[in-house]
Amino acid sequence: MAKMDRRDFLRLVGAGGVGVGAGLLLAESIKHPREHLIPYVVPPEEFSPGIAVWYNSVCSMCPAGCGISVRTREGRPKIIQGNPSHPVSQGRLCGLGQAGVHALYNPDRITTPLRRIAARGKGGFEPATWDEALSSLADRLRPLRANGQGNRVCLLSEGVRGHLALVFERFMEQLGSQRLLHYDFAHPRTLYAANERVFGEQHLPYYDLRNARYVVSFGADFLGSWISPVHHSLGYGHSRQGQPGVRGRFVQIEPRMSLSGAAADEWIAARPGTEGLLALGLAHRIVSAGHYRGADRDDWASHLSRFSPESVASETGVAQGTIERLADSFAQTQPGLAIGGGAAGNHTNGVDILIAVNVLNHLVGNLGAEGGVVFNPPPVVDSPRRQAGYRTLSELAQDARNGSIDVLIVSKTNPVFALPAAADFRQALERIPLIVSLSSFMDETTALADLVLPSHTYLESWGDDFPEPGVGFPVGAIAQPVVAPLYDTRASGDIILDLAQRLGLGGALPWKTMEDCLRQGWQEIHQRGAPGAGAESFETFWNSVLEAGVWGQDTRRTGHLPAVTARVIQDSKVDAPQFSGPADAYPFFLHPFLSNLHDGSGANLPWLQELPDPLTSVVYGSWVELNPTTAQRLGVSDGDVVDVESMHGRISAPVCVFEAIRPDVVAMPIGQGHAEYGRYAQHRGVNPLQILAPQIEPSTGALAWSSTRVKVVPTGRRVKLLKTDGTARDLGRGIVQTTAATTTPTGADHSAGLRNIPIKVVSA
Amino acid sequence: MGVSIVPALRALKPAVLTIAVGLVGLLIGFWADAAFFPATSPRQPIDFSHKIHAGDNAIPCMYCHVQARRSIAAGVPSVNKCVTCHRIVAKDRPQIRKLMEYWADQQPIPWIKVHDLPDFVYFPHKRHVQAGVACQTCHGPVETMQRVERVAPLKMGWCLNCHKTHEVQNGLDCWTCHK
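Respectively, the protein sequence lines represent chains A and B.
For the record, in the first sequence the residue sitting at position 87 is 87 according to this note's numbering, with numbers rising by one throughout.
With positions in the second sequence counted from 1, the corresponding number in this note's numbering is that position plus 764.
Hints may contain errors.
Label-pair distances were calculated between CB atoms; the ranges are [as the list claims (entries may be wrong)]:
no., chain 1, residue 1, chain 2, residue 2, range
1, B, Trp795, A, Glu35, 20 to 26 angstroms
2, B, Ala895, A, Glu35, 22 to 28 angstroms
3, B, Phe800, A, Ala675, 54 to 60 angstroms
4, B, Gln859, A, Arg120, 37 to 43 angstroms
Rather than coming from a laboratory, the hints here were simulated on the basis of the structure.
Don't be surprised by glycine CBs; every beta carbon is placed ideally from N, CA and C.
Turn these sequences into a full structure, and let the hints guide you.
Structure follows, in structure tokens:
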């Protein structure tokens, strides 16, 4: 063997060493990754590891007030379902409600109080402690209150009900401020006004879809976005399939097919803004054909004389024969129910349109009847109606510009996003010396705040809710925290109560926390006569309400029905919708619609972002829906980016060719186009609300968000439109079998409806 | 005229030797890792002996792992549970002092999992305990182990063998365990 010199030896030692090291690393790298078993230091009493605990609470993702059951494991919510005992949701829940866990676990939540250090809106914040933040706010409020200048403080919150509304009311009252406003973009302001005018009711009635045999919906996408979609879907399902041998019939009238339109037997694309005219055309026929038997028949006949089907046909774009056929079948198939809302209620004559729809309900005699319009008892805990329309917010903005507002407290509402750019709300806010935001997320309004007081999500808070509209009998539910707060946040109510303590308002607001407030409030409900109240103690009652997630009384409202006279349509302006922009320069009606993302508040929830639109199947981003004939005329197809321009602004989005839309209508989903609001919402799509004309319905001051005209200009750019669908065309595959109307034994009425459904636009 | 490869081999000899030594080192390293840092019996933050507890003192398994009969997880006892006994028992042993340090800091003990199934396997302890399967069937004779060691392979075939011999209802259905 050759002699080994020093260099050889070192080389071999080195090789051996590297080899051993490599061997160790290799063995380690192919091992199963090490996992830990972390015990509790002290085990919790409420749950056992591995065993799910369900808590009942209330959803606050939209104002419907569904009861929810939340499955938790090891103290963490895993899934949210509908509470089977709650009459609104009855065990079901919509996508928005399911996505509530994404609000809780959202990585973009604000985790600690923040104080602005950079220029406003530039995003420069530093963390602060709760004590610092609240005492600095209290120091600003104290002198205003002492000097009788409480009205220089404004509290602008999302629509709140129950005891949180009460806390807000008392707090502002004690400050001496009148400026307490709620703002929800989709709040049906015109529907409230129409119901008040026709029925004299402060609260919305219950629309008994469940027992209705015939539903005519004027623009209300009640299965998708209108008021309480989960509850309506349950009622709709029962009406269609829940009774042997009975299939409720349902007609949807809207310029762009919504989820409800797609489910309807017949879809009629009346001209935007003429829905009320069409309703009165139906009313005319109902009266003239003798379907209405009231004593004031002649009165109605004379008031309706100018709305004969013949005369409204050309204006509405619906054939006279169709109007008469609809009116006859609606009046003859009882119980029948007419509902109106959505885009139809948000024209400059929105209230008149909805009054006309209500008139139909009166004429077929379904007021207070099963399967009709059932009047609700007043909510168990009622509070003044505070929903601000566009006019009120414009006045607020004007006051801000005049310098008459010193402090604005914003709670979970986002007017900077959900108002037209023409309102210039953002610029108005910049004139307010102190803006405080109570929000879980850095939305567009919160980004302008000087002080951010991060609020709990609803899954971490105490609260209660009395659904509005109710379900025909008194119902309430307590929202209980289903998880310990994840971050250094506080419930909105607790923040206000803490402020009240600091300002010495303990007399009117004696509670330390919302939980105390709720307990006292529900003690009163208990004493007032909960069923069996004498038999059980309050603790038992409280625990049983928490456990069941709902409390209700089996009493319906009785007594006389509102007297509806023909005078409600005396000065009706159903035939005079106003649109912004001259028709020759701006040939299309802009039809913004509520999407999966609700009014945009759901845009930061990944599940909702990846949920395809139910009609077009487009995922992520914004799109512009055009009728195929319109698209052809403009020379664009799927994915061509177009500018949509109104008198008040311009936005660009890709075209989605959609068959179920009128050729003179351009539809765009609401909800995208956030400049702030976290990683999932930001810089995705455009916000059609930004280009809306600042037109209002004059009697309510509500924004008439369907009354903007636009023009569509191709930009020449193209993007890939993300759709999960293939083509909407048959392409000779025989997927959609059709048959001539004359050959069906079931009658022409049914098949005429079928033929009208997907593509054909009913025209004069 | 031929070309001899012998000179080339001679020139390569040192390189071959180096690689051979390296490979032997690799094997030694691999073996050493398996022998001294076994995946089936990792060293724990506290040298807890099941032999003393379950063997010598015959404490029943479910005295500490209380959840096994009613939850999918057997549950590892809380620090509090250890401390309730060890406030009195064997307080001066070094390992118990370690335990008391965790308790003083109110920190959990980061035990290392010995029996770990992939996340796509649904394994409920309660079903097995309620069916009368002894803990030792899967966990081996824990009461004799100074440091817990994984004895069973915990592979799918091994699970299915047992399901087959015991004729478990739906025991061979994919969705029984993968759901």
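Tested hints:
no., hint, verdict
1, B/Trp795 / A/Glu35: 20 to 26 angstroms, "25 angstroms, holds"
2, B/Ala895 / A/Glu35: 22 to 28 angstroms, "26 angstroms, holds"
3, B/Phe800 / A/Ala675: 54 to 60 angstroms, "58 angstroms, holds"
4, B/Gln859 / A/Arg120: 37 to 43 angstroms, "59 angstroms, violated"
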